[in-house]
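Modelling step: build the complete structure from the supplied sequences, incorporating the hints.
2 protein chains.
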Amino acid sequence: MEEVKNKQTVLKSYVNGFPKESGMLLNASATISLKLPEGSNAVLVKNLYLSCDPYLRIQMTKAEDSYFPPFALGSPIVGLGVAKVIDSGHSNFKKGVSGLTGWEEYSIISSTDFLRKIEDTDVPLSYYTGILGIAGITAYVGFFEICAPKKGEYVFVSAAAGAVGQLVGQFAKLSGCYVVGSAGTKEKVDLLKNKYGFDEAFNYKEEQDLNATLKRYFPNGIDIYFENVGGKMLEAVLSNMRLNGRISVCGMISQYNLEQEEGVRNMFLLVTKSLRVQGFLVGDYYHMYPKYMEMIMPLIKQGKISYTEDIVEGLESAPAAFIGMFYGKNVGKQLVVVARE
Amino acid sequence: MEEVKNKQTVLKSYVNGFPKESGMLLNASATISLKLPEGSNAVLVKNLYLSCDPYLRIQMTKAEDSYFPPFALGSPIVGLGVAKVIDSGHSNFKKGVSGLTGWEEYSIISSTDFLRKIEDTDVPLSYYTGILGIAGITAYVGFFEICAPKKGEYVFVSAAAGAVGQLVGQFAKLSGCYVVGSAGTKEKVDLLKNKYGFDEAFNYKEEQDLNATLKRYFPNGIDIYFENVGGKMLEAVLSNMRLNGRISVCGMISQYNLEQEEGVRNMFLLVTKSLRVQGFLVGDYYHMYPKYMEMIMPLIKQGKISYTEDIVEGLESAPAAFIGMFYGKNVGKQLVVVARE
Numbered sequence: 006m007e008e009v010k011n012k013q014t015v016l017k018s019y020v021n022g023f024p025k026e027s028g029m030l031l032n033a034s035a036t037i038s039l040k041l042p043e044g045s046n047a048v049l050v051k052n053l054y055l056s057c058d059p060y061l062r063i064q065m066t067k068a069e070d071s072y073f074p075p076f077a078l079g080s081p082i083v084g085l086g087v088a089k090v091i092d093s094g095h096s097n098f099k100k101g102v103s104g105l106t107g108w109e110e111y112s113i114i115s116s117t118d119f120l121r122k123i124e125d126t127d128v129p130l131s132y133y134t135g136i137l138g139i140a141g142i143t144a145y146v147g148f149f150e151i152c153a154p155k156k157g158e159y160v161f162v163s164a165a166a167g168a169v170g171q172l173v174g175q176f177a178k179l180s181g182c183y184v185v186g187s188a189g190t191k192e193k194v195d196l197l198k199n200k201y202g203f204d205e206a207f208n209y210k211e212e213q214d215l216n217a218t219l220k221r222y223f224p225n226g227i228d229i230y231f232e233n234v235g236g237k238m239l240e241a242v243l244s245n246m247r248l249n250g251r252i253s254v255c256g257m258i259s260q261y262n263l264e265q266e267e268g269v270r271n272m273f274l275l276v277t278k279s280l281r282v283q284g285f286l287v288g289d290y291y292h293m294y295p296k297y298m299e300m301i302m303p304l305i306k307q308g309k310i311s312y313t314e315d316i317v318e319g320l321e322s323a324p325a326a327f328i329g330m331f332y333g334k335n336v337g338k339q340l341v342v343v344a345r346e
Numbered sequence: 006m007e008e009v010k011n012k013q014t015v016l017k018s019y020v021n022g023f024p025k026e027s028g029m030l031l032n033a034s035a036t037i038s039l040k041l042p043e044g045s046n047a048v049l050v051k052n053l054y055l056s057c058d059p060y061l062r063i064q065m066t067k068a069e070d071s072y073f074p075p076f077a078l079g080s081p082i083v084g085l086g087v088a089k090v091i092d093s094g095h096s097n098f099k100k101g102v103s104g105l106t107g108w109e110e111y112s113i114i115s116s117t118d119f120l121r122k123i124e125d126t127d128v129p130l131s132y133y134t135g136i137l138g139i140a141g142i143t144a145y146v147g148f149f150e151i152c153a154p155k156k157g158e159y160v161f162v163s164a165a166a167g168a169v170g171q172l173v174g175q176f177a178k179l180s181g182c183y184v185v186g187s188a189g190t191k192e193k194v195d196l197l198k199n200k201y202g203f204d205e206a207f208n209y210k211e212e213q214d215l216n217a218t219l220k221r222y223f224p225n226g227i228d229i230y231f232e233n234v235g236g237k238m239l240e241a242v243l244s245n246m247r248l249n250g251r252i253s254v255c256g257m258i259s260q261y262n263l264e265q266e267e268g269v270r271n272m273f274l275l276v277t278k279s280l281r282v283q284g285f286l287v288g289d290y291y292h293m294y295p296k297y298m299e300m301i302m303p304l305i306k307q308g309k310i311s312y313t314e315d316i317v318e319g320l321e322s323a324p325a326a327f328i329g330m331f332y333g334k335n336v337g338k339q340l341v342v343v344a345r346e
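Going down the list, the sequences are from chains F and G.
Using the numbering used here, you'd call the opening residue of the first sequence number 6 and step up by one each time.
Using the numbering used here, you'd call the opening residue of the second sequence number 6 and step up by one each time.
In case anyone wonders, no lab produced these hints; they're calculated from the structure.
Please note: incorrect hints may appear among the correct ones.
A pair counts as met if it fits within one copy or between any two copies, since identical chains are not told apart.
Capping the alpha-carbon separation at 30 angstroms, the derived lysine-lysine pairs in DSBU-like fashion look like this [unchecked claim]: (1) Lys100 <-> Lys40; (2) Lys278 <-> Lys296; (3) Lys51 <-> Lys198; (4) Lys67 <-> Lys220; (5) Lys67 <-> Lys237; (6) Lys210 <-> Lys220; (7) Lys278 <-> Lys155; (8) Lys100 <-> Lys296.
In structure tokens form, the structure reads like this:
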């Protein structure tokens, strides 16, 4: 069987602190056969778009008993992506798919549990890594299911210009809420206000005292917080929550690379303000995907929602793109193009 | 109108750190008329049992914008109690009542919103400060409503020999759960195991590493944590929670007297374990009181639940009894008898 080159981005060493480019490696010498063995029920794909998600950082550490198992050293990183089926032993997957794949040109996907057929190709295919992928369903579940927003409520979103945050803000506006977002550059703050319709936005890096900042933007307090950041931001938010507030904990990007997480020192406010803080794993909510698609597709096609992607070209750019997220370099959903078709 | 002496326990100065007896005062010179003015719709009561609740500590500090307004200096402390009606301008309150009253011999209760008529006198009247009062409904709501226990789940209760904890443990056993409690003396640990039927119990003061302790008692992890303590205990519990665990935050007695709360440094586990942490104010659940009474009364009368009270005599003993709770001196529900009838 003829084999072709299969460039890969592999994990070279486990990460301590911030991930570094030196911990990842472009392996240009791997090869692959573009035909599945007879009788295989796997799916052989050509990868098109790879999703850079902060949660991958967890799998780059060798922690015991983590819900996210550590990556194998020397193997391609495994993450979400959009791919074209080249050969398939599975009747459901014959053309376009999205789901767990490798950071490489071609992948053999044997476990198809996390694979989904792409039905609608009227939208950019890359959207299936973001607004139509994990980021979209995360924003949907975390905001609507977990926070149960009511019209007129006060909503705060951190990392608001990111893959998930930009959607949460727009969902909040569509729900008749007042929404403020935080981000780390002027460019992002402008996007929040001018493109996504946040009522207000601020650059957290320019604020000395987050507690005071939040008091300024929410003189009446916060009903709903969509948590992407953690640490000091969470502490400041807790101080500004209103009675019966809800916090949906999607991620804590400020904490992933610290030796020791920052402590949150006002947890007693949970009692005195009757707050609910709920973490969630979007995997537990995949059954809601059809319902989400039903909501989001018309919004996209009618131009009622916008989505910003930050696209870099080629597997060799993947490590820097991934690492850049922890420094807030990406503007919108970070993804890597491996091939366009 | 003839006046009688009305001994009072008053707050002398606001508290910083641990409350001290010197911050409270017995005022033996106050007087009161035992007849309400013509046309009054207040209720004049003779106080029988006063409830010592840790939350009162919050009102002994002059904090801004607290849900619990600070007490007025020089006035009797206001808390929950059981009382006998002496004179009443309110048709519903003619005999026994429970609810917010003063730490004094007689009180005029003008706001009857937090007053409840005592219907069933087949049980010790003092029970209306505990198992039939705020502690009972707190245990009920926090465990059943907030944690939604399932048979076979693993439950951990801190401050388990206290007014609320002893009930939560027994509710957990009645629900078919496996339950472990922590307390601060050997006597209490024995009570947990031998009187309330906890499967296991430990003295947290004898443990060097709470994380390891919990791992020992919960090799499979914790599904439900009933939080009374806060700080380091909460951190250790988070590390030992199972996927989809629930934490009901009732109080954080270890933190009330600290200048700065201990930080909780593993909040990201909320995401990776999909945890829900919910604080609650029992006042929001008073409507469930009849349902709770329906459940608890038969259990008490059939001897299927036991309740330990720690009773001290006289208003002059109230400050020490209250303060003692923060050192774990009380065994069971702490209350003060002002008069027995």
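Intra/inter-copy verdict for Lys210 and Lys220 if alpha-carbon distance must be at most 30 angstroms: Close inside one copy (17 angstroms), not across copies (40 angstroms); limit 30 angstroms.
Status of Lys296 relative to Lys100 across identical chains (alpha carbons, at most 30 angstroms): Classified as within; 23 angstroms inside a copy, 57 angstroms across copies.
If the cutoff is 30 angstroms on CA atoms, where do Lys51 and Lys198 land: within, between, both or neither? Let me know, please. So Lys51 and Lys198 fail the 30 angstroms test inside a copy (38 angstroms) and across (61 angstroms) alike.
How would you label the pair Lys67, Lys220 (within, between, both, or neither) given a Cα cut-off of 30 angstroms? For Lys67 and Lys220, the Cα distance is within 30 angstroms only across copies (20 angstroms; inside one copy 40 angstroms).
Alpha-carbon proximity between Lys278 and Lys155, which holds within one copy, between copies, both or neither at 30 angstroms: So Lys278 and Lys155 pass the 30 angstroms test inside a copy (18 angstroms) and across (27 angstroms) alike.
Alpha-carbon proximity between Lys100 and Lys40, which holds within one copy, between copies, both or neither at 30 angstroms: within (15 angstroms within a copy, 87 angstroms between copies)
Lys67 and Lys237: within-copy, between-copy, both or neither at 30 angstroms Cα: Close inside one copy (26 angstroms) and across copies (25 angstroms); limit 30 angstroms.
Go through the copies and call it for Lys278 and Lys296: within, between, both or neither, with a Cα cutoff of 30 angstroms. This pair counts as between: shortest inter-copy Cα distance 25 angstroms, intra-copy 33 angstroms.
Taken one by one, the earlier hints fail for this structure only at number 3.
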